[in-house]
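K.L.:
Sequence:
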Amino acid sequence: MRTLFLAALAAVCLCTTLPAQAGFFSSWFDRNEAKTKHPIVLIPGIFAFDTIAGIDYWYRIPAVLESEGATVFVPKVNAFDSSAMRGESLIEQLDEIRAASGGRIGKFNLIGHSQGGVTARYVMNVRPDLVASVTTLHSPHKGSPVADLVTGVVPESTLRGVAFEVFANAVGDLVNLLSNNKRDDSDIYAMLGEFNKAGTAAFNRQFPAGVPTTECGEGPSRVTINGRTIRLYSWSGTSPFTTGIDLSDALFTTTSLAVPGPSDGITPRCSSHFGKVIKDNYRMNHIDVNNHVFGLVSLLETRPTALFKNHAKRLKKAGL
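Just so you know, we're using UniProt numbering here: the sequence shown kicks off at 1 and counts up by one.
Hints are not guaranteed to be accurate.
Said to hold, decoys possible - Lysine-lysine pairs mimicking DSS-like chemistry, simulated, CA-CA at most 27 Å apart:
| id | residue 1 | residue 2 |
| --- | --- | --- |
| 1 | Lys76 | Lys37 |
| 2 | Lys37 | Lys316 |
| 3 | Lys76 | Lys316 |
| 4 | Lys276 | Lys316 |
| 5 | Lys313 | Lys37 |
These aren't lab readings, by the way, just hints derived from the structure by calculation.
Go ahead and model the full structure; you've got the sequences and the hints to work with.
P.N.:
So, in structure tokens, the structure goes:
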């Protein structure tokens, strides 16, 4: 009888402690689900900054990734400039990170929003030794009609163009200053000229790797550049208006009038395609993907933080 009682007691103790142990191990594994082999680098698009007055460009996303084991870097790149100039600045910072790591870091998983994705493409082609993967988010790889509209309304060589250039570059320089990026001077026309039809075509002729060869197709899931194999991914959205209370809804609903067909307000759906297309019609506008404004995104769509966590798991599973 005593033996049966002790056995029953042991069984009860086991049943009550196992859930706690399971919760502990589950919590431990959760903290490492985003622990990729190579660090993640989040590259901003236009109006680039890391943090201004406590506001992050990647609102709460780095913290979420780091809480689940990822190593995350947010570089300082120019608010307005060509992807080549921004890319050279990024290469310099990646080299510095790699040198400071004492050999622990060799490559990076580059994730770029908007122009940040094109900046990542530049780095991939020029310094493939630094890159394990490139993921582009809402990036206009085949241009944006909004850029054509702006350069058409305020041509660079006109008085209106000069006035616009002075004002826009002053805004960009202020963003750089507030983001503690004092070494870069903004160049609005270098940025705009890269995303109109002529500029996009020229960039893609120079750096075609990963770009679909058909109008709305999918690019290769991996490319090899100078003997280095790099994985490629992209995703985007097609909802300029998402919540009705987000200030960005009004902006992107307006800009979407210049974009024929589905878009996020800036980037046409097919223009966002690069490498393996994870999804191109999320219910998101152009900045919802980086969890703005202040996390006001559609309740009918996957949270941006969850998308980043899922992608980190994807990269980890691929050995990246």
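K.L.:
It remains to establish, for every hint, whether it holds in the given structure.
P.N.:
Quick rundown of the hints versus the structure:
Of the supplied pair hints, the one linking Lys76 and Lys37 holds, its CA atoms being roughly 23 Å apart against a limit of 27 Å. A hinted pair counts as satisfied when its Cα atoms are at most 27 Å apart, and Lys37 with Lys316 qualifies at roughly 7 Å. For a cut-off of 27 Å, the pair hint linking Lys76 to Lys316 stands: about 25 Å separates their Cα positions. A threshold of 27 Å between alpha carbons decides the hint, and for Lys276 with Lys316 the separation of about 16 Å falls inside it, so the pair holds.
A hinted pair counts as satisfied when its Cα atoms are at most 27 Å apart, and Lys313 with Lys37 qualifies at roughly 11 Å.
Comparing the model with each earlier hint shows no violations; every hint is respected.
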